[in-house]
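Below, each chain spelled out in residue letters.
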Amino acid sequence: MKDTQAQPIVEIEDLRVTFPQAEGSVRAVRGVSLALHPGESLGVVGESGSGKSVSWMAVMRLLRAPPAEVEAGRLRLAGIEVMQARREELTELRGRAAAMIFQDPMTAFDPVFTIGHQIIETIRAHRATSKRAARAEALDLLERVEIRNAEAILDSYPHQLSGGMLQRAMIAMALSCRPQVLIADEPTTALDVTVQAQILQLIKDLQDEMGMGLVMITHDLGVVAETVDRVVVMYGGKVMEEAPVVELFEDPRHPYTRALMVSIPGQEGGRRRLTEIPGASPDPSDPPEGCPFHPRCTQADAQCAAEEPPMAVLGPGRRAACWRLT
Amino acid sequence: MSGPDRIPPGAVPALELRGLGKRFHLRSGGILRRRVTELRAVADVDLVLPRGGILGLVGESGSGKSTTGLMALRLLEPSEGQILIEGTDVTALGHAALKPWRRRVQVVFQDSYSALDPMFTLAQVVAEPLRIHGIGDGASRHRAALDWLERVGLHRSYGSRYAHELSGGQRQRVAIARALILEPAVLIADEPTSALDVSVKAQIINLLQDLQAEMDLSILFISHDLSVVRSLCDRVAVMFSGRIVEEAPTEAIFTSARHPYTRALLDAIPVLDPRQRRRRTFRDRAEIARDVPVLRRGEVTGPVPEGAGPRLMPIGPDHRVAAVLEGEAA
Amino acid sequence: MTGYILRRLLSVMVTFFVVSVIIFLMMHSIPGGPFDGGDMPVPEAVRQKLNAQYGLDQPLYVQYGRYMWGVLQFDFGVPFQSPGETVLELLGRAWVPSLVLGGLGVLIGVPLGILLGMAAALKRNSWIDYLASTVATLGLTIPVFVTSMLLILVFSVWLGWLPSSGWGEPERWILPIAAYATIPMATYARYMRSAMLDTLNKPFVTVLRAKGLSERQIVFQHVMRNSSIPLVTVFLPMFIGTATGSIFVEAMFRVPGLGSYFVSSIRTRDYPLEMALMLMLTVMFCLAYLISDILYAWLNPRIRHGGKQE
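Protein chains in written order, with our numbering: chain A, 3 to 328; chain B, -3 to 326; chain C, 1411 to 1720.
Just so you know, these hints were derived from the structure itself, not from any lab. Each hint should be verified, as a subset may be incorrect.
What the hints assert, rightly or not - What follows is a list of derived Cβ distance ranges for each label pair:
#: 1; chain 1: B; residue 1: Arg276; chain 2: C; residue 2: Gln1627; range: 32 to 42 Å
#: 2; chain 1: B; residue 1: Ser136; chain 2: C; residue 2: Ile1538; range: 54 to 64 Å
#: 3; chain 1: C; residue 1: Gln1627; chain 2: B; residue 2: Arg14; range: 36 to 46 Å
#: 4; chain 1: A; residue 1: Ser132; chain 2: C; residue 2: Ser1624; range: 17 to 27 Å
#: 5; chain 1: A; residue 1: Arg275; chain 2: B; residue 2: Arg274; range: 53 to 63 Å
#: 6; chain 1: A; residue 1: Arg275; chain 2: B; residue 2: Asp107; range: 23 to 33 Å
#: 7; chain 1: A; residue 1: Asp253; chain 2: C; residue 2: Ile1538; range: 27 to 37 Å
#: 8; chain 1: B; residue 1: Asp107; chain 2: A; residue 2: Asp207; range: 30 to 40 Å
#: 9; chain 1: B; residue 1: Arg274; chain 2: A; residue 2: Ala314; range: 31 to 41 Å
#: 10; chain 1: A; residue 1: Pro68; chain 2: B; residue 2: Arg276; range: 41 to 51 Å
#: 11; chain 1: B; residue 1: Leu72; chain 2: A; residue 2: Asp253; range: 49 to 59 Å
#: 12; chain 1: A; residue 1: Pro289; chain 2: B; residue 2: Arg276; range: 47 to 57 Å
#: 13; chain 1: A; residue 1: Arg275; chain 2: B; residue 2: Lys95; range: 32 to 42 Å
Even glycine gets a Cβ: it sits at the ideal position worked out from N, Cα and C.
Hey, can you work out the whole structure from these sequences and the hints?
Here you go:
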């Protein structure tokens, strides 16, 4: 379904997000550029503190400013200039142009209203429909995310449902206005393993069916391998590498991506020591000079510590920021 | 005085659970229609953790795996069954009699942040078990704590820092140091790597492997993550709805799992190769619960346990699965 | 829900009984009686006759039994300080100013406090936030009799705009009501602010924004409803605060309400009036508990519809 010739649906250029603090500002995102084409699925992989979630919160204008300071050379989503968006454009942007689902479904719903109420209010925030018509639509949506007793779930309160059920309901709510892009921020991390696989399959199916763009934000390379077309690897608030998913797994070019892949447990049988990445993620209020990964990189030299590596284009849809690229 | 120090090492398992079970009573309804429902959180758990072994206890939320861990620690009273530490039944021991055995079994939880007292320096945190058990004097305890910080990969200078200054991985190292400073026979690790970043997870798994080898430690590793279990454990027991449904050497679980729930868990592991993507179908829990494996007599490799309904039957070297025999009602 | 309310009513009755015994015993354990000493010593024979007439020479449990039997029929006896009427009649008369004072005080103070707290939470670290915090802190720390004195000093003595005491004409109501309203206002400003900030930081608020709801919709439909749940639990402590405060306010402004009689009944050992007032307070507290619990349950679906389904 992807159409790389067309105008990108999301364009991010040199995005920077800073949270000023008394002792040194936290520089969560430090110059991120990327694009998403209509109907395409993009995986954004990174560990905590990599800036992966914050970038997309900024795209949805969900960071409270202050404290957040957001700057970007360009930030466009479905034709909306995000930074300049006024009230009506924001309503258009959120929910209709792009919808977002979050990590912990247990805290994502207002505890004092029913699931149905919360889906219906979403529909009615974007379209003038009667409550009755919106309820019928909500019922449809719940059935679409494979909830069997949809009628009962509609009248349930969040605390009465399991995490997996709530995540399905959240997806239904996100899809209620047929968004052009679905941003899924660690949508399976808080769920049980067997439920995780089901939710991933559901998101994939719905993306195909509705032809929407998908941004899958995750720490888990396995999730990326299962769901997306293209991957951006982030570290220390920057993009380290970008590649089509097959190429990324077959030929990772950035030392961080490679280290990450070999450190995943359970790839081979037998009890064994894993290849670990020494050290810890950089402190976002005091990021290292040069390449953010150099203190943990086995190939780093003086240049890596002194100068920031430029983003090098390695082929169609492939780029990486590293001095030691071979 | 039959203290743990008297037990000679040998074939005696470090930890053994026999028929362990836990029932909770739930109250619901009003004053007139009060109902008490009994919930069997854990039932009939038999587990043997041999000395020097790492046993994975795998399951999802509500499977009873953490409840089992808490009972093994005697932090939760079992409703039935026995807990044996190095061959001694400690199920009924009172507070004072239990104290020397508490030294032998220590624990690390997933959320080490809330488990580390924010008011204590890390040296104090790590030395605390020594203080509680009245071992050594202040100076020797402090020295031991710094030694242990070093042993888990933190610089000695961390001794004067506080928990909030650390990253998640570092905190988990401190929690491990505190658990092991008493040189226990058994470490119960309840999802110790689940909250950690990918790059740090491998560090902690390696640390546990190293310490296990150095100390001849036995580890009960409770986790929902089969990938981590595959790299760390010798044996795996899978729990489903409060019961063990399959138990086998780790590779046997990965290559010849027999129980539908074990297969569902294995099937849910993401494949790290995008070329092998496939459309998956899923079965719900109720369906899995109904699908009890049926064994032919010839498949059972040892004595068939008595009783009716699904029970753990031997089907290979060290491999047991909850099943019924052909012709029996499930 | 009905079962829940019935159970609560039962516990209110038990509380009422226990408290009545305690109050009765406490009052009779204070040395001295209404006809002992004071400004005009009563001759011994007269004192004994009076004690007998009022039943004060009987054993305590008899006195208690008789008293409670009367109470159940709304007979609280005759107040010693004004024997021309029954306690019930006196209370019926004294109710009105207290009700006006307390009712208007709460009616004005609570919404003002809520508005102040909301504005403070929505415009965090702005002047309105600092104003709200100052008002809340002052209102909760300065004793109400000091507030009353300040009000009298400023508006009656210096400016001469308003009368300093008495009841009757509505302009006499303004100062006592203002003094009285400070407690609910300060309490609610403080709790509303922290409850709103707490709710605004919940993950579901981000979800509401992400799905395109307007900020107004988020605040008025979701944040308000969630923030009002803890406010209901604050109602009771606030009620106690204002009820005890009313004694001082009425005394300061010489309002002929329950508070004034409360003070005078203690001073003169007026057992029947004292007992009646205490029991009334008990009933009011119990009802406040009951109402706040029911409201809490009604607002919170976790209590209203307990348990998981599926």
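Taking the hints in turn, this is what the structure says about them:
no. : hint                             : verdict
1   : B:Arg276 - C:Gln1627: 32 to 42 Å : holds (39 Å)
2   : B:Ser136 - C:Ile1538: 54 to 64 Å : holds (59 Å)
3   : C:Gln1627 - B:Arg14: 36 to 46 Å  : violated (59 Å)
4   : A:Ser132 - C:Ser1624: 17 to 27 Å : holds (20 Å)
5   : A:Arg275 - B:Arg274: 53 to 63 Å  : violated (31 Å)
6   : A:Arg275 - B:Asp107: 23 to 33 Å  : holds (26 Å)
7   : A:Asp253 - C:Ile1538: 27 to 37 Å : violated (59 Å)
8   : B:Asp107 - A:Asp207: 30 to 40 Å  : holds (34 Å)
9   : B:Arg274 - A:Ala314: 31 to 41 Å  : holds (34 Å)
10  : A:Pro68 - B:Arg276: 41 to 51 Å   : holds (45 Å)
11  : B:Leu72 - A:Asp253: 49 to 59 Å   : holds (50 Å)
12  : A:Pro289 - B:Arg276: 47 to 57 Å  : violated (40 Å)
13  : A:Arg275 - B:Lys95: 32 to 42 Å   : holds (36 Å)
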